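Chain A is already provided as a structure; the job is to place chain B on it using the hints.
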Amino acid sequence: MRRRIAALGCLLALAAGGCAPRPEEPEGGYCVYYSALSDRFAPLPLDCEPFEGSGGDPIPALVDALLSPPETQGLASLFPEGVRLLSWEVEEGRLHLDLSEQYGGLSGVDLTVADACLTLTLCQVEGVESVYVTVEGREIPYRRVQQLGPDGLLLTDGTDVPPEEPEPSPTPPAS
Amino acid sequence: MDKGSGAVRRVPFWRSLQTKFALTYIVIVAAVLILLNTYPLVVSEKLAYQSKQASMLNQASVLASALATGPEALTAEGATRTVELLRGSLGVTRVVVTDPNGLVLCDFQDGVGRADTAGRYALFWELVTALRGNNVFRSEYGDGAFRSRAAVPITYRSMTQGAVYLYEYDAEQGALLQGIQTNLRFISIVICMVSLVMGVVFSKALTRRIAQLLRGIHTVREGEYSHRVSVRGGDELSRLADEFNELTGRLQTTEEVRRRFVSDASHELKTPLASIRLLTDSLLQADHMDGETAREFLNDIGDEADRLTRITEKLLTLTRLDTAPAAEDVPVDVGAVVERVEHMLSPLARAVEVSLELKLQPGCVVLATEDDLYQIAFNLMENAVKYNLPGGRVLVTLTADGGRVVLRVEDTGVGIPEADLPKIFDRFYRVDKARSRAAGGTGLGLSIVRDTVLQHGGAVTARRREPEGTCFEVSFAQWNGEEVGR
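The listed protein sequences derive, respectively, from chains A and B.
Using my numbering, count along the first sequence one by one with no gaps and you end on 1111.
Using my numbering, count along the second sequence one by one with no gaps and you end on 508.
Keep in mind that the hints were calculated from the coordinates and are not lab data.
These numbers come from a predicted model, not from an experiment.
Be aware that one or more of the hints could be misleading.
[Stated by the list, open to error] Pulled a few chain A residues facing chain B out of the computed Cβ check, cut under 10 Å: (1) Phe977; (2) Val1049; (3) Leu1089; (4) Leu1091; (5) Pro1099.
[Unchecked claim] Incomplete in silico selection of chain A near chain B, CB under 8 Å: (6) Pro979; (7) Leu982; (8) Gly992; (9) Arg1080; (10) Gly1088; (11) Gly1094; (12) Thr1095; (13) Pro1098.
[Said to hold, decoys possible] Computed list of chain B residues with no C-beta within reach of chain A, every gap over 12 Å: (14) Val216; (15) Thr276; (16) His289; (17) Leu301; (18) Glu326.
Cβ atoms here follow ideal geometry from the backbone N, Cα and C, with glycine treated the same way.
One chain only, chain A, in its complex shape (with noise of 0.2 Å):
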């Protein structure tokens, strides 16, 4: 008798777990970018790690795992320590990063794989097309390209090949 009241709970236990909502799947499916340039069998100088998110906005918990140091072995943050996120805000898919003072230290080569590590990363968040990045509201005088996109970025091997152009419309004969 009690094997069979026993069966009939477990019986009925599994019908509400069936029946009761779901929850919600954690944020996932990102990628965080990182220099490559310590691994010189690595084909291209930036490379990712899969991203945990925690749940929140993801924007946020991704610049924090940018600023952290990365877990896979021969990848480096190219980011100096200290570097802060302000404030940050999304207009029509431009997302406006503001990073503490730190951030304006990076210059040349190092400023641009930073740059494209932010990029790469917070473009793969929905209704980010580019990321517009400043130091305590100021833009960086020395940089050519302040609002960056992934389509900014060259990022191969040197074996891509120009796309190819689309054939020309024939043109109508004269009448």
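Below, chain B alone, put in the same frame as chain A:
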């Protein structure tokens, strides 16, 4: 081999020597082929890499020098102009020039300027590394082509103004390498097939002779001692076959001697037993036998029993010589032993009217045991007395010369025919059987002499004595006073 089955057990294929030999051969050849297929290619790849590294870094440096003309920043127009001027001499697939941030200033691919990359950041590993101040070269070989990349920074007075990136897709050298690889593979396949066939043939040839030996051993084990194996060639296997044949020959001889000995011993033991049986039957069947005749019969039975005892004692002596460990040798004066024997045999000699004459050189000492020397001297001297003629002489001479002690026993008897001389030391061999039995001989005395002499490292010979009789000569190494080694 299965016990009692008589058949040669088949060795399982994977355990057979032929398989092992063939596998060893194939493994060695495979190892050589692997080396042949890797080492030349690795070396060729390395040489091609080094050549390309030197060439492309040099080209990139030349271009970078041409671009670094002054303190003013590089422009897309200036870079394009310079690259167009030098492009013909570069001979690479792609040339990219960037500013210090990695922004593409000009990009030529297959001789055509690319517009789609202008104003974009070129994030090539080599380019970024070069912009950080390093000269870079990387090359890989795959799918029949070399893909090589070189990048150098454009510097003017230690100031990085940009970077030059060169990419080369070289299918020609790749095809050359692939050709070598294909040829080596073809050669390897041929060698592999030849070695496979050779491996099987060689191992078969080797193991065929081993199998031949094995069959020979099996046949001999079955008792066919006359079987001999014939293994050709002058190698270890043929030596082994020779040794085996030699061993089989000895086994055959030993077996023949054993059979003859058993047969002779049975015969010798049977004769007195038959006599005893006959005499006892006569005694039992004769109802009115007088006492004297009966005593005579009983004496004969006693004589036959004595003969049996002598034969068994001598057989035991021979067995002891064959099996028992030799007693420790001590220095023994042979002259003293001969005198003891002469003392013992004097009554017998007198009875048969034979005189014993001794010529003993003093100081003839040998390493042996006194009992064994006594046995040797007694058997020889007793034979000389027994098989002599009435009025005959026995001459016993003992001399020491050249480090050897020689005991010579000569008699003036009827002598031994020349044809019988080589056999007289064989067990149960008698020249004149009737006379020997009459004299109480067993046919074992001389065998005991020979075995005993050989046991002590001596030698014994027999020859006809001129003008009559026989001469036996026993020789031992003379003891020179050193410590006893045995």
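Results of checking the hints against the structure:
1. The beta carbon of Phe977/A is positioned within 10 Å of a beta carbon in chain B (closest approach about 9 Å), and the interface hint is therefore held.
2. Contact between Val1049/A and chain B, as hinted, is supported at the beta carbon level, the nearest pair being about 6 Å apart and thus within 10 Å.
3. At a threshold of 10 Å, the smallest CB-CB gap from Leu1089/A to chain B is about 5 Å, leaving the interface hint in force.
4. Taken as an interface hint, Leu1091/A checks out: its beta carbon lies about 5 Å from the nearest beta carbon of chain B, inside 10 Å.
5. The restraint placing Pro1099/A at the interface with chain B holds, with a minimum CB-CB distance near 6 Å, inside the 10 Å limit.
6. A distance limit of 8 Å between C-beta atoms decides the matter here; for Pro979/A the minimum to chain B is near 7 Å, and the interface restraint holds.
7. A hinted interface residue such as Leu982/A counts as satisfied when its beta carbon comes closer than 8 Å to some beta carbon of chain B; here the least separation is about 6 Å, so the hint holds.
8. For the restraint placing Gly992/A at the interface with chain B, the shortest Cβ-Cβ distance is roughly 30 Å, beyond the 8 Å limit, so the hint is violated.
9. For Arg1080/A, the interface hint holds, the least distance from its beta-carbon to any beta-carbon of chain B being 6 Å, beneath 8 Å.
10. Annotation: interface hint on Gly1088/A holds; nearest CB of chain B at approximately 5 Å, less than 8 Å.
11. Evaluation of the Gly1094/A hint against chain B yields a held restraint, the C-beta minimum of about 4 Å falling below 8 Å.
12. A hinted interface residue such as Thr1095/A counts as satisfied when its beta carbon comes closer than 8 Å to some beta carbon of chain B; here the least separation is about 7 Å, so the hint holds.
13. Because the smallest distance between the Cβ of Pro1098/A and any Cβ of chain B comes to about 5 Å, under 8 Å, the interface hint for this residue holds.
14. The Cβ of Val216/B lies farther than 12 Å from every Cβ of chain A, with a closest approach of about 41 Å, so its non-interface assignment holds.
15. Residue placement check: Thr276/B keeps its beta carbon more than 12 Å from all beta carbons of chain A (closest about 78 Å).
16. With a cut of 12 Å on Cβ distances, His289/B stays outside the contact zone with chain A, its closest approach being about 97 Å.
17. Listed as a non-interface residue, Leu301/B keeps its Cβ farther than 12 Å from every Cβ of chain A; the least gap is roughly 106 Å.
18. Annotated as non-interface, Glu326/B keeps its C-beta farther than 12 Å from every C-beta of chain A; the closest such distance is 104 Å.
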